[in-house]
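Generate coordinates for the entire structure from the input sequences, incorporating the hints supplied.
There are 2 protein chains.
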Amino acid sequence: MPQFAPLKNDTFLRALLRQPTEYTPVWLMRQAGRYLPEYRATRERAGSFLGLAKNPDFATEVTLQPIDRFPLDASILFSDILTVPDAMGLGLYFSDGEGPKFERPLRTEADVMALRAPDLGSLDYVFKAVTQIRTELAGRVPLIGFSGSPWTLACYMVEGGGSKEFHTIKKMLYSRPDLMHHILAINASAVAEYLNAQIDAGAQAVMIFDSWGGVLADGAFQHFSLQYMQQVIGQLKRERDGVRIPAVVFTKGGGLWLDQIADIGADAVGLDWTVNLGSARALVGHKVALQGNLDPAILFANAEQIRAEVERSLTSYGKPADGCGHVFNLGHGISQFTPPESVTAMVEAVHSFSRQQRAA
Amino acid sequence: MPQFAPLKNDTFLRALLRQPTEYTPVWLMRQAGRYLPEYRATRERAGSFLGLAKNPDFATEVTLQPIDRFPLDASILFSDILTVPDAMGLGLYFSDGEGPKFERPLRTEADVMALRAPDLGSLDYVFKAVTQIRTELAGRVPLIGFSGSPWTLACYMVEGGGSKEFHTIKKMLYSRPDLMHHILAINASAVAEYLNAQIDAGAQAVMIFDSWGGVLADGAFQHFSLQYMQQVIGQLKRERDGVRIPAVVFTKGGGLWLDQIADIGADAVGLDWTVNLGSARALVGHKVALQGNLDPAILFANAEQIRAEVERSLTSYGKPADGCGHVFNLGHGISQFTPPESVTAMVEAVHSFSRQQRAA
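One line per chain: the protein sequences are A and B, in this order.
If you count by numbering that gives the first Met the number 0, then the first sequence holds residues 0 to 359, one letter each, in order.
If you count by numbering that gives the first Met the number 0, then the second sequence holds residues 0 to 359, one letter each, in order.
Keep in mind that the hints were calculated from the coordinates and are not lab data.
Partial selection, computed: residues in chain A whose CB lies under 10 Å from chain B:
hint, residue
1, GLY254
2, GLY330
3, PHE336
Backbone N, C-alpha and C define an ideal beta-carbon position, used for all residues, glycine too.
Structure follows, in structure tokens:
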């Protein structure tokens with residue numbers, strides 16, 4: 000097990016564990032990304048997105064860029080969400096302007112039955128990046144590891160890429176639920192092992208992105224996404240060197256199922272912007288911390304308007320109290336068209352207003 | 000006012016008004032559409048989608064096709080959702096494979112300030128179609144008129160077409176809320192007049208499609224979509240020749256706001272498939288009827304699986320009781336790839352199982 004410098008700012012971890020904090024910690028989904036000119040420069044040098052994501056030096060460089068620029072309270076591993084199915088041999092590639100695709104999607108019963116757990120060795124570039132980022136962070140802020148949820152990975156594996164209506168996987172789900180469950184069981188084990196290896200490599204919290212859970216019908220969500228996230232959570236290492244490793248789950252579009260998502264054993268639940276933070280807090284009580292949930296489009300407004308929306312959001316959550324926890328974030332990844340100075344305004348507003356709230 | 004044959008099957012209208020029915024009535028959003036070979040044949044003869052939608056004879060023909068094929072309990076006017084902004088002079092056109100677009104979207108303050116209410120005369124082709132459809136239906140089932148919601152129309156008017164992230168309109172919403180409200184106030188009046196003219200022409204119920212309400216943040220939804228739907232509802236004629244004209248509102252992705260949507264004066268609220276029907280019924284009580292909410296992807300499964308999902312859905316709603324009302328529907332428009340025999344299986348299952356439920 001690698002050893003690292005002591006953590007100087009543990010506000011984020013304390014909030015996830017519902018311990019008191021002096022202010023509301025903040026980070027942004029996709030905070031290392033195309034809206035930053037320094038990211039675009041590194042991406043240019045790497046030659047391609049996968050060249051960037053699969054190289055621990057480049058991944059470390061871009062992970063640290065937003066930490067150097069903004070007073071954020073957490074960093075998150077820069078990686079692709081589809082590393083695991085790629086390691087299962089599905090052949091990840093990026094076609095111009097169309098996002099990620101698989102050369103060998105799972106379309107037939109034979110495809111599904113041939114699916115095997117990934118060789119974790121082929122994901123070593125991810126774990127190396129985790130250790131290198133954690134080392135170079137030198138304790139400034141904690142490092143979050145992550146994975147797609149079993150269902151979200153399956154969406155790409157069956158559709159063969161992104162989708163608008165998810166007809167292919169939904170057809171499988173409704174007409175061959177046995178095949179669907181076969182894929183999801185393999186994915187759940189793989190995701191748990193993948194996250195545990197990230198924890199071994201130095202991740203101080205882990206997050207499961209259920210980006211496509213919200214496309215499922217009520218009932219189907221519980222059977223085909225939630226159940227498998229619960230399996231992952233149940234298999235996670237929750238401690239490293241005597242320190243708790245918090246786990247966060249985030250189902251985009253899952254606000255209606257918040258009470259059920261809060262019940263699967265995670266420390267915190269991510270929320271998108273459709274959810275009222277005050278109602279969500281009342282619903283989950285002391286069971287989990289909450290993470291979210293500003294509309295990323297607010298960052299297209301001016302600094303004064305951003306500040307007003309941040310204050311509205313923090314006011315909706317209400318004054319923090321013992322046993323509750325809130326991590327400020329967007330309700331989705333930051334847009335590539337965001338002016339970086341909007342992030343400065345947002346982070347400053349979160350820190351200053353949340354201190355005022357606690358003093359009031 | 001045109002006069003029409005007496006209505007033979009009013010099950011749909013009674014369910015919307017929460018009156019007892021012998022079985023659960025059913026219709027499908029987009030039931031006249033590309034999944035039907037007879038629709039594709041008419042569309043071919045019309046030459047273009049707009050050629051079809053703007054010609055009352057063709058519109059009547061395709062509206063009646065699903066009624067002739069399936070024992071549905073309601074018909075819905077075949078028309079485009081963007082007729083109103085087209086009549087405002089924005090220049091609706093369809094580009095190959097890209098959906099609807101506007102030649103003159105609202106991008107600047109000057110664009111917004113130049114926006115005027117539509118000349119209802121230029122929408123005469125819609126009202127003619129309503130009268131002709133109602134006449135040719137000859138009382139078989141009721142005819143639903145419809146419009147996009149003020150917000151949903153604004154999405155197309157500002158974005159200039161469909162959108163994935165709605166950055167342009169959200170930027171306007173957050174940075175120039177005054178311009179946004181200016182557009183929405185004009186839209187609300189126009190939608191109310193448009194629906195009232197459909198009622199005058201013979202529509203027996205009206206539905207407001209808030210297809211993009213669900214992309215809004217909590218708070219923004221109430222201010223920029225819900226408030227304006229409430230204005231529309233408040234201006235609607237609710238009776239014609241002494242008969243109540245029920246109004247239905249449907250916000251896709253609006254399940255979290257169901258209690259607020261149920262409060263704006265509509266007779267019924269549409270639900271997408273993420274909502275649990277039983278919970279929704281408990282939440283709204285006797286306030287409104289509910290319409291929905293099967294995942295359209297279920298229609299890709301076989302007849303037995305479709306029947307099982309229909310039964311699950313009807314069981315989730317529970318045994319109908321006085322003062323409640325349920326209209327079976329999909330949670331979204333039917334996919335163009337649906338086998339028509341799946342619709343046969345679905346409609347048959349709804350009718351037979353819902354009769355069994357009432358007998359039990």
